[in-house]
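Q: Quick note, the sequences are listed as chains A and B, same order.
Taken in order, the first sequence gives residues 1 to 392; the numbers are from our numbering.
Taken in order, the second sequence gives residues 1 to 369; the numbers are from our numbering.
The set of hints was computed from the structure by calculation and includes no laboratory data.
Honestly, I wouldn't trust all of these hints.
Not everything, but these chain B residues come out facing chain A in the computed CB check (under 8 Å) [as the list claims (entries may be wrong)]:
1) His23
2) Gly26
3) Gly166
4) Asp189
5) Leu221
6) Val285
7) Leu286
8) Phe288
9) Thr290
10) Arg344
11) Ile346
Even glycine gets a Cβ: it sits at the ideal position worked out from N, Cα and C.
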Amino acid sequence: MGTQHRLAMFAPFIALCAAHPLLADSAADSASGNESYEILRASQEVFRSVAEQLRPSLVRIETVGGTQPGAAGTSPGGDPDDPRQPTPFVDRPGSGFVVADGPTTGIVYSADGYIITSSFNFVRDPALISVVLADGRRLVADLIARDHVRKIALLRVDANDLQPPEWARRRDIQVGEFAVALGLAFDAEHPSIAVGTVSALDRMRGHAVQTDAKLSPANYGGPLADIHGRVIGICVPMAQRPGELAGVEFYDAGIGFALPKHHVDAIVDTLAEGESFYRGWLGIQVDLRSSDGLIVTNIADPSPSREAGLRPGDKIISADGHRIRHFGQLIQTLYMVPAGETVTLCVERDNELIEMNVTLARNTELGYLPPPDEEFDATTPIPDQGDEEEDN
Amino acid sequence: MKRPPLTSMAAALGFAAIVSPAHSGGFGPAVDAVLPRVVKLYGLGAGLEAGYGSGVILSADGVVLTVYSLLIDARRIRAVTSDGTTYSANVLYRDYARQLALLRLVSPVDESEPVGPFPFFDMRCDGADAGFAGLRPGDWIVAAGNAFKVADGAEPVSLVHGIFSGRTRLDARRRVKDFPYTGDVLVIDAITSNPGAPGGALVDLDGDFVGLIGREVTANLTHTHFNYGIPHDVLCEFMAESSGGAEADPLHLAGLNLRRRTPDADADKPFDTGVRLTKAGYRTVLPFVTRVQRDSPADRAGVRKDDLILAVNGKNIKDVDEYDERMNDRAPDEPVILVIRRGRRILTVQLEKPAEPVETANDPPDGEG
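Bound-form chain B, shown alone (with noise of 0.2 Å):
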């Protein structure tokens, strides 16, 4: 349990200068590290969309990392660095997938007149310690954005502490629509679901920048509005596609989440299971087997008629609709995991690609699948 000498701090950070002991007290270092390199960002809002936000600071010239938004599709954006000057922030890069853009703070005045240098996070994607790891379950967390935009001109954005939860991969939604970024996160404690506070950082005791406050959305699996950051390594791969040019996926962009198919649609096909289930029109109906087909994957594997289907490859289930979903989601080869019921017991079965196509011509076309 030892505290890093401030100077070890200091480089890691990435500008000597600005770090100075101005705030004692266990939060000190995080404090300290955190409020000059996150800026509050003001842009275009609409309905309940927030014309505000924040954002991260990765570079001496300021180049600022923060969140997907209809913020950032704003004609101009400006922003406020913690010392209160404004600058123009120009998109660099925008990647709908993992609902996280770049941007780059300029002079308001002139776009060629240099400014900076800034205070900054040095990202440190490839460095030995890359990626945070040393960041465990129960560790403090200070998150730094400006909620409800309560910070001014040259106020600091505000901060809340809390505790690292754990990682989980991320199934939420913004009201009614599905929410892009399916990746990991970063559950915390700290209430961060809020307008604003997104695209602000999240730092451990040290004041290591550890996650980006991701989106505000409600986590299908509790219906709660959720609290989380986006990961630093996601961060990192975040990084690395945007310092190749090119655009994020424009069908991404477009807000278009299409699946790719090559031209050999049978190729690309996950294999058939052999599993038959119940379907009943429109209605929910719970994923019980009524047939397997004979020495198919499910056959071999043991599948039985009247086993119910609790878990396809680690996702639970809960009716015939979900069970296909996640069948047509595989990979063509990519094995099935079954989680089922079997009257008080519960199995797990594995299904694998059969060495040749199963025959299929005798199933009938409608009603099951």
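Just chain A, with the same shape it has in the complex (with noise of 0.2 Å):
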């Protein structure tokens, strides 16, 4: 390869390191002389740089007490006084993983108080939250509460004098820019670095930019940056499926997601007010042994599926406009809708399509499954026998 291509190959990198103030000396003396090495020096000062920047921004999290998320019984929405426990609408946590309790990281979301974090820090339900400043200051904070959808959480501390960062505007995330992800878990002081790109935008539904930085419990809930110190979104565990655990098997495996701004500012009014979103149910059984489309074999009762007029027998065709041909897919259209988001589904019934909009549910508000061979009745509430059939 010779120098002219190789430099042709930089030139994107110059120009990006030449953006950066800190760098526009460094990246100017790199046409001569190793111009690669000298790329790779300059780097290192804009990650450093990133990092001094955001840390007024950055709070470390601590927790005292708290279980580990055990399988259905401790689901977000479960109830555990409620007689008709256990549903079959339960999700498991997603993983095998063994939630630690050391201390996560949060971002400064407004001067008043409010701190955003992911709802991965607080799976074990703590009996306390506390909250380091980067002025050392140590706060009590209370969780105000949680996104279990799209993986946040809102705290809030006393105090009227923080500083938010700025984060990254939506048109200028570009893929392939480098991405800088901060955690406090291992030093309180200084957040630990870790350095990648902006692997793909609008992942998981629309909600998550992905970045090939090594995101793990060190660093959920701190911020992933572009080189100019604005956050591109705030790191959480996800995957295609819902789970409160889910998504954390990737971690430093060179997938990981940050949930942007915009997405952010959508429902942190609803968390400050103390409303939770949990994952929407349907509230209905299908049969997975079917080779013909996705065949709804029972309906929780009530259920919102039933309150909108779906039956038993009735064969899901699509959903928000998405083709529907098996379960999976379902669950795939379905994973980023929260309880009390509306979905269109099409369905066929004797040969007619029927559309219908269904207001999906929190797993708490599902009913019993009647058996699958009563006459179809939509008020009697019979205990569920379903076993070789999957829930939505």
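Assembly of the complex is requested from the two constituent chains, each provided in isolation within its own frame, with the hints serving as guidance.
A: Structure follows, in structure tokens:
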């Protein structure tokens, strides 16, 4: 590879670095000599400056107490006092991962005491949460609400002088740009730095920026930032399926996700009111053995599907415009839709296509499944019997 | 931002002839420096313990630094240098506490036959730049080791690049056992926590040897595989001890991590803070203060009943057992700094050793601590 070719290859990086005020000089120097070596040297300074710039907006979150997320019984929507428990509509945590109780990271959202972090950091439901600000103040934090779908949590501390970070504008986030992930798990003062690139935009049904920076519990809740020190998104575990811990198994694998600001902004007012977001359920069972599309075999009573007019025997053709041929496709279409949001189902019944809007419910709002052989009746609650079937 | 001239780099690397600008590009100097100085090791394996690993050459006559592992306990260890030559390796020194070992390459035919000279990393432990304090979070690093023994024969070991994330103290375990080394480590975002890579070298952009790839462990703080290096300054401490000749602490070698006690047990005991916590059998109990002994260090520092203790001397505690552990691990005169939660406030208090012993005769013997 000739020098000229190499220069051309690194030109975008030189431009990238030159755009950074710290690097204007060094990038100019690099036109001669070992240019790629110089760019690497210069990039180190950039990564450090990103950490320094964002440090005032980072907090270390410490928790006391709490237990491991168990199987069904402790799923977020579960209500252990409900005599009808367990219903078939429960999530497994989504991973065999054992959650540690080490310190985690959060980002100042507003000067008046709101802090956002990953809901991963509270899956143990700790008894106490304290937050250490960049200036060393240690404050008790209240967990205001969680979004179990987008995997973030909102905390509040009594302070009015917090420093929110600058966020990257949505249109400025580019695939291929450097991405710096910061976390305070290992060091209380100096954020640990992991570097990668933005791998993809609008992953997870349009919700997440994907990065190959090593994301793990060491930096969940911390920022993924661009080289200008602007926050691209908040680092969270995610996977294409529901579950509180889904996606943790990707840790350090070069597949990580960050929730960008516009998604945070869209829900933060609701969270601030103390309302959490939960995974949305249709409340149906389907026949997994059917080779003739996705046939509904049973519908919980009560459930949003029953209210919307869905019947056993209906074949689900599409959900929100996405063609559904098997159960996995239904899950992939709905796993990022929280309870309370409406999806449009198109079903086939008696050779007719019927469209209906179903407002997804929390699993705690779903009733029992009637035995499949029972005549369809919207009012009788009967214990569930299904075992060869899947629920959603 | 200046690249050191090749000649000074060559001098720093201890073996000028080997440093040839064979690899160009950004990581070229690092690659040129590290590849000839890492050896592939083969020895004893069992179960999940890999029978292979990596080592770093530290002298022209073939002293090799590596991690302590089952591999090192093999009757016969084989080392293959980057040019494909096979040597035997004799164990010179083992350090269970640091999980490090020192080997010497010898001829597999006749041990008295001189071998080398080898290209090597000059540790420069006493030099002006000892400890490579220059390595800063955000710096690029290249890790070289025989991960999954992908490299075979004369093939050079595998390289991964990443960022030096920061320095921290290691709190980790290997499967169910606590990992004995609890000193400082270099956290990196390159993946080295795999069979084979441990014992390999971490170098910076200039090819300076900054750390040794550490053994596969799981970090207790995150419950994730942890990618790290043993820092240069810790390696220097190890080298200084090893040059003393005697083997490392035999207790450590036996795998026993025993606390040493002087015969005068009382003099060695940490002072009583006067804090009393609730205990309830085997159950995990949050460390709430149930009683403060009058005129005790805790009393004078303002600790009150119902305070919740969050941390002791910088370490978070989650239950009474951890509190006891931290308290018992103190040096006799070491002050105690408690972070406590009282209502909605979080306070830090320092408890000093009292001038006279605190009266403890009235304490109930059981159920408190």
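Q: Interface hint check: threonine 290 (chain B), Cβ to nearest Cβ on chain A, cutoff 8 Å. Holds or violated?
A: Check failed: Cβ of threonine 290 (chain B) comes no nearer than 17 Å to chain A, outside 8 Å.
Q: For the hint on isoleucine 346 (chain B), just tell me whether its beta-carbon gets within less than 8 Å of chain A.
A: holds, 4 Å
Q: Please verify that hint: leucine 286 (chain B), Cβ, nearest Cβ of chain A, below 8 Å or not.
A: holds, 6 Å
Q: Is the shortest C-beta separation between histidine 23 (chain B) and chain A less than 8 Å?
A: The hint is violated - histidine 23 (chain B) has no Cβ within 8 Å of chain A, the shortest such distance being about 11 Å.
Q: So, as I understand it, the hint says arginine 344 (chain B) touches chain A; can you test that by seeing if any CB pair is closer than 8 Å?
A: holds, 5 Å
Q: Is the interface hint satisfied for glycine 166 (chain B)? The criterion is a beta-carbon contact with chain A at less than 8 Å.
A: Result: holds, 4 Å to nearest chain A Cβ.
Q: Was the hint right that leucine 221 (chain B) lines chain A, CB cutoff 8 Å?
A: Because about 3 Å separates leucine 221 (chain B) from the closest Cβ in chain A, which is inside the 8 Å limit, the hint holds.
Q: Is the interface hint satisfied for glycine 26 (chain B)? The criterion is a beta-carbon contact with chain A at less than 8 Å.
A: Constraint on glycine 26 (chain B) satisfied, holds at 4 Å.
Q: Does phenylalanine 288 (chain B) pass the interface hint, meaning its C-beta sits closer than 8 Å to a C-beta of chain A?
A: violated, 11 Å
Q: Does the CB of aspartate 189 (chain B) sit less than 8 Å away from some CB of chain A?
A: holds, 4 Å
Q: Hint validation: valine 285 (chain B) versus chain A, beta carbon distance must be below 8 Å. Holds or violated?
A: The hint is violated - valine 285 (chain B) has no Cβ within 8 Å of chain A, the shortest such distance being about 10 Å.
In terms of the numbered hints stated before, the structure departs from hints 1, 6, 8, 9, listed from lowest to highest.
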